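Okay, here's what each chain looks like letter by letter:
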Amino acid sequence: MMKSAFRTALVLTTTVCHRSLNPNPITLLSLRTATASPPPNSTTVTCRKIHCNSFSSSMAGGDSSPTVAAVEKQFDEFRNRLEESGSLRDRIRAVATEIESTTRMMYSSLLLVHQSRPIPEVLENAKTQIDVLKQLFSSLAEIVRERPGQYYRYHGDWRTETQQVVSLLAFMHWLETGSLLIHTEVEEKLGLNASEFGLDVEDYLIGICFMSNELPRYVVNQVTAGDYDCPRKVLKFLTDLHASFRLLNLRNDFLRKKFDGMKYDLRRVEEVYYDVKIRGLASNKGESKEDQTIEES
Amino acid sequence: MLYSSASLHRHFYLMAPKPQLIRRLADSTMQGTTKKSRLIATASASPSSSMKDYFSKYAEYLNQFNDKRERVVKASRDITINSKKVIFQVHRISKNNKDEVLERAEKDLLAVRDQHIARLVNELQGTDFWKLRRAYSPGVQEYVEAATLCKFCTSGTLLNLEEINSMLLPLSDASLEPLQINILDYILGLADLTGELMRLAIGRISDGELEYAERICRFVREIYRELTLVAPKMDDTSDMKQKMDTMLQSVMKIENACYSVHVRGSEYIPLIGTDDTSYASLGMSSLD
Chain A
993 MMKSAFRTAL
1003 VLTTTVCHRS
1013 LNPNPITLLS
1023 LRTATASPPP
1033 NSTTVTCRKI
1043 HCNSFSSSMA
1053 GGDSSPTVAA
1063 VEKQFDEFRN
1073 RLEESGSLRD
1083 RIRAVATEIE
1093 STTRMMYSSL
1103 LLVHQSRPIP
1113 EVLENAKTQI
1123 DVLKQLFSSL
1133 AEIVRERPGQ
1143 YYRYHGDWRT
1153 ETQQVVSLLA
1163 FMHWLETGSL
1173 LIHTEVEEKL
1183 GLNASEFGLD
1193 VEDYLIGICF
1203 MSNELPRYVV
1213 NQVTAGDYDC
1223 PRKVLKFLTD
1233 LHASFRLLNL
1243 RNDFLRKKFD
1253 GMKYDLRRVE
1263 EVYYDVKIRG
1273 LASNKGESKE
1283 DQTIEES
Chain B
21 MLYSSASLHR
31 HFYLMAPKPQ
41 LIRRLADSTM
51 QGTTKKSRLI
61 ATASASPSSS
71 MKDYFSKYAE
81 YLNQFNDKRE
91 RVVKASRDIT
101 INSKKVIFQV
111 HRISKNNKDE
121 VLERAEKDLL
131 AVRDQHIARL
141 VNELQGTDFW
151 KLRRAYSPGV
161 QEYVEAATLC
171 KFCTSGTLLN
181 LEEINSMLLP
191 LSDASLEPLQ
201 INILDYILGL
211 ADLTGELMRL
221 AIGRISDGEL
231 EYAERICRFV
241 REIYRELTLV
251 APKMDDTSDM
261 KQKMDTMLQS
271 VMKIENACYS
281 VHVRGSEYIP
291 LIGTDDTSYA
301 SLGMSSLD
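Sequence order for the protein chains is A and B.
If you use our numbering, the first sequence corresponds to residues 993 to 1289, in order.
If you use our numbering, the second sequence corresponds to residues 21 to 308, in order.
FYI, nobody ran anything at the bench for these hints, they're computed from the structure.
Don't take every hint at face value.
Unchecked claim - Pairwise CB distance ranges (calculated):
1) E1075/A to I101/B: 34 to 40 angstroms
2) R97/B to K1126/A: 41 to 47 angstroms
3) R1096/A to D134/B: 50 to 56 angstroms
4) V283/B to R1137/A: 33 to 39 angstroms
In this text, all values refer to a predicted model and were calculated from it rather than measured experimentally.
Ideal Cβ positions, reconstructed from N, Cα and C, are used throughout, including at glycine.
Can you make the complete structure from the sequences, with help from the hints?
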């Protein structure tokens, strides 16, 4: 008996920390003692039988006020808790909106690559915003820290914005290094602590799909501007990326849809590559066994 | 957050290369033996193979998570089906068999808890509790509906969230976080309860138990009234809005039925011993 009562109290406190919206455990505990709760064991059935009789006898009379009061108390509690979570959500949305406007600014700077501005110059501008992003994500993490374990309760409120951030950072990384920015690198750039407030794997993958959408347009404009080497590089990268994505067993969801779109990006880049190759516009410098394999596929 | 450190360990352990799988995929994605041998080599060999290494990690993570989601969905479905059975059982109530019906219902409810809700305890540890909510919420709502219905029929009171959660504590041992129904699923389940209580009230009226029906009427009215302030603040407001509309319809149906009985007074003859499911005598055209 003692052990189960102790455990119940212990668990209740833990419950309050993990699942409760109310950071103040005292209120919940007093609510618990206020309502008559049946003991969670085999004596329940006997208790219920007694209740049954009292119910039929009280049916004739009006509402018993303690019952109504208890119900009201519970709903008051609910209202308070939901108001708290609602205002938390509002604060999250405010930060997410700022993230969105920052990414919009970065995107507008990055778009200059389509106009053949030199890459370092373009990246310089966009990079200055990364610190802003770092700060914003840190604010997000701080807010969510108030509700331990509830990252995914509010995740929808920053999901799209995060995917856009991943897409931009990956594109910038590719412009700079020609390689794929990996999941943990994104977390590092944004100052995210994976064990506390990390980057969701699906958000990362969707963000990468968004990035791939940028590549066909980039390749087309680069060729127009006279860079005939670009298609080969992009084709190799996108082929590898697409092949890597094929390792995933995707369900029929949004990620799957985005991945399916990547195939059209790849096709477009292939077209540009062949256009350039056929006309002998690309230099033979840097060709290797890899490129012969690309031609075979 | 993303995955607990325990599962992170598992990831890297499982990341030990699975040559057969990678070889098979290499065949399908690229031609040429040069590619094949490169893939099976270590990660540092080339950028493309390290990309694939990372992606096989992501694949592992997604596979595990999707498998878990599948299990949770199955458990949720079973909870739904068996909770509905409890509800049907309670509807069998008539003037003379309350105790047996309710005893059986309580037993069945306990079975739902022990056989099906128990399956959720392991799966919903840590961040998965909220991440997988869409997978298990329907089942949990149905369970709340069944449990609150039983409690009302037995004692005339509302089973509150703390009580229902204390009933779940025996499911987890000390090493695990106990499975606790969250406030949103409880409220959504409560909203569905009013629909069942409407059916019960109509059934009781045709059985001649007018006071029972009036009791239900007062109870449901109060719940609706309380929920009007809570509904707009819920995480999923659009779901709840729908349910509030339906709830009001249920409340009004019960009120109208009680009114009909009240107004007709002596005209109303309780049909003893028959199951009159045509409610034309109550002035209602249909139940829905």
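Taking the hints in turn, this is what the structure says about them:
no. : hint                                  : verdict
1   : E1075/A to I101/B: 34 to 40 angstroms : holds, 36 angstroms
2   : R97/B to K1126/A: 41 to 47 angstroms  : holds, 43 angstroms
3   : R1096/A to D134/B: 50 to 56 angstroms : holds, 53 angstroms
4   : V283/B to R1137/A: 33 to 39 angstroms : violated, 59 angstroms
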